[in-house]
Amino acid sequence: MYEHDVIVVGAGGAGLRAAVAAHEAGADVAMVTKLHPVRSHTGAAEGGINAALREGDDWELHAYDTMKGSDYLGDAPAVETLAQDAPEETISLEHWGMPFSREDDGRVSQRPFGGLSFPRTTYAGAETGHHLLHTMYEQVVKRGIQVYDEWYVMNLATSDEPDPNDRTCHGVVAYDVQSGTVEGFKANDGVILATGGPGQAFDHTTNAVSCTGDGHAMAYRAGVPLEDMEFIQFHPTTLPSTGVLLSEGVRGEGGILYNDEGERFMFEYGYANNDGELASRDVVARAELTEVSEGRGVEDEYVHLDMRHLGEERIIDRLENILHLAEDFEGADGLVEPMPVKPGQHYAMGGIETDENGATCVDGLYAAGECACVSVHGANRLGGNALPELIVFGKRAGYHAAGGDLGEAEIDTGYTDSVEDEDDTEFPVQPGSAGLEPTGDDVAADGSGQVADANGVLERAVETESERIDRLMNKDDGVQHAEIRSKLQKAMTDYVNVFRTEEGIKQALEVIRECREEYRDVYVADPSTTFNTDLQMTYETRNLIDVAETIALGALVRNEFRGAHWRQENQIRDDENWLKHTLVSWNGGKPSIWYRPVLLEGEDKTYEPKERSY
Amino acid sequence: MSTQQQEQPDTQEAPADPEMKGAESPQQERLEKKEQGLAEAESVDESDVEGESVHLKVFRYDPEVSGKQEPRFDEFHVPFEKGMTVLDALIFARDEFDSSLTFRHSCRQAICGSDAFFINGSQRLGCKTQISALQQPIRVEPLPHQEVVKDLVVDMDHFYDQMHAVEPYFQQEDLPEGELEEQRQDRENREKVKMSTRCIWCGACMSSCNIAAGDNQYLGPAAINKAYKFAMDEREDEEIKEHRLRILEQEHGVWRCQTQFSCTEVCPKDIPLTEHIQELKREAVKKNLKFW
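Going down the list, the protein sequences come from chains A and B.
Take the first sequence: its position 288, counted from the start at 1, is 292 in the numbering used here, and no numbers get skipped.
Take the second sequence: its position 11, counted from the start at 1, is 1021 in the numbering used here, and no numbers get skipped.
A portion of the hints provided could be inaccurate.
Which chain B residues stay away from chain A? Per the calculated CB distances, all over 12 Å, these [as the list claims (entries may be wrong)]:
#1 1082
#2 1124
#3 1193
Restraint-style ranges between C-beta atoms, simulated for each label pair [as the list claims (entries may be wrong)]:
#4 170/A / 1106/B: 45 to 53 Å
#5 192/A / 1074/B: 20 to 28 Å
#6 1147/B / 28/A: 51 to 59 Å
Keep in mind that the hints were calculated from the coordinates and are not lab data.
Note that CB positions come from ideal geometry on N, CA and C, so glycine has one too.
Input sequences plus hints: build the corresponding full structure.
Below, the structure written as structure tokens:
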């Protein structure tokens, strides 16, 4: 068994920042990550870091823009913390040598981004995330922080009191991918989940293959609620065969969207008569899918994004990377032909419920970054707000886990008797593992309260995972993970995509239930303990089933149109009924849904919901 | 087990340039040739492959599974789709035919640097290599000159050790006062280091380098390029720069490079690695540091 003060799971932007903060607070920190840190998906972020750095801008404007963009589902204490801390955190990156783009006077460059009242998106070329990731990793190397890379965390070691709010997380159980060894990692002060997004729940996503919602699923099964999972951002211009994203810059420069009949459909069919191609992401994404479903899509699948009229010179000057992306990943030449695009899953606004210090309701368990829901993005994330979230809340989580004092949190976590329960939505099938034959590993904490001391909790967790591996490896036939995963992904894209109907979501829940049943029969064909990705992907697939189900459950109960979530049955933002967060608790395998009111009270002002007009 | 015996493409035999003069022009030529090469070298009419299957020959090895302990090639036939990359084909083969087929991959968009393989005899990223640009059957092997862990997975520890050996972190201690005060940097200076900052640690360069193959202690192109990024960044003081150059000019540092340009040729991010190494040699000479 390994032992450290703070264990950080995942080594993207949030995890690295958390590790540095915990280290600076004096803790012995270790990072346990299934990828080497520089492989993390933070590296794919292009846009930039919103931070109010310049004269004429201030954090209050940033907070206001963020709250408006969230469609009034962000919590004010979280939104204001993000806006207040982002400037200092951004300059810290500069002090650590991050190669930001520069102005003539040598200061870091900022540019305008959608939904911002001031050009405050601080950037480093079109590869801001790559530079942030590498700069943060350099700081981890500099400090000699221990990194267990290519160790896959299989589960949390959590005590099992009946009420999740009474539980404590004592560490994690991880598997050394290269050797197959299973080990307990004891965390004396805290475990920080920084495992990224759950994009692989969909079959068409800009997210990496590694974005499988591992942290979400582990926290969920340990009793931590998942919050606002129905809010998924879909990006309107991704390449059909890979999901690689073509930046909004193409449309910003004048790129035009056409359907198969050569019509400029954004205007022709009135989707956005004022803004056309530059309407907000969710509007354009819905327009594209409407074209396809009404038979005007190219090959019944996608639409065309044309930039040829901009001329070779302008394209090469401003959009050269787009040419490379289309060529390398789709085999399309943007100079001589329109590029195929369709909407793809891009970002999850929801996640593991935390307060503004990164803490969850389980003692010693933290989350930060895309896997967490503080919540700053509410129903829709603004471009340029993902990266500051990583560094601001990564740092806070790391500092707090190491024993630093950040004051009492204003955001509540965990289910209590005072919250509002859901009781009238009918589910087509039983969600969770209830009703299925128990396998003994569906709960991280079984609620029996039998084992309380840290070592005992860890030993039991290691034993459980070792047994699970044996069972998966010793089984000779059955279903393989790839089959279940692709069935799940397809159902999510078919039914819980940008268009959501009650009937469709219920169908998705039925398929998810089938996947869960089939997973009872899953087996790992590769007999090797050396670099067994078959085994790892089998674990990931189970996590995806749990996470996908929470997305579908949230989408089913929230019968309104807010931010990125659209429901056919009620196409308005219903503030009277829905100014509240959706929370799903695993509840020992029998998921329950409940709500918590959104916090619109800021430090010294209240954010009054205004009508959405963009 | 290692793939050290792989044949190297003969294009690597560029003459050394002892005086380091004119390094820019061969560099330029190389880059141009590389671009042309991409267009011409293996151009295959797309109609040849559309609707047909892709024929892959994939290297297999597992130290503990009988039948895989002796390295072998497995053949896979995968249905072709427009825009398909080598990585797409490998994923299809794994998910549909053999779940034990093992390779690293993550982002699918040439930024995580996980999937550098030896494809038809050169180091390339699987995700960035279009099937339609390759002759079939397509041979996919692990990166040469590294220990093979299993199938296409190589041990990257040595590569990481070399990256860490150049003190790859910003070391300026004297920062502007005030938490919100940034250091200034000229646009030109940022432009100068720009290409060096694009490295994704894929290891293609190191694998292609004959010097690195023969001298295990050689820092290698990626690590030297990482050091270049800091050494050329005006935000670090002269004192630190000299310290950096001392690390680089040691016996297994920049002077080992024989300007063969193989690293520059395979770099999937088009970083002018050889030129960066040459420039650091010139800096070391200017600073009058020991010449090995």
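Results of checking the hints against the structure:
No Cβ of chain A approaches the Cβ of residue 1082/B within 12 Å, the least distance being about 15 Å, so the stated non-interface status holds. The claim that residue 1124/B is not at the interface with chain A is violated, since a C-beta of that chain comes within 12 Å of its own (minimum 5 Å). Look at residue 1193/B: its CB is around 6 Å from the nearest CB on chain A, not clear of 12 Å, so calling it non-interface is violated. Look at residue 170/A against residue 1106/B: about 47 Å separates their beta carbons, and that is inside 45 to 53 Å.
Under the hint 20 to 28 Å, the C-beta atoms of residue 192/A and residue 1074/B, about 35 Å apart, miss the expected range. At about 54 Å, the beta-carbon gap between residue 1147/B and residue 28/A stays in the expected band of 51 to 59 Å.
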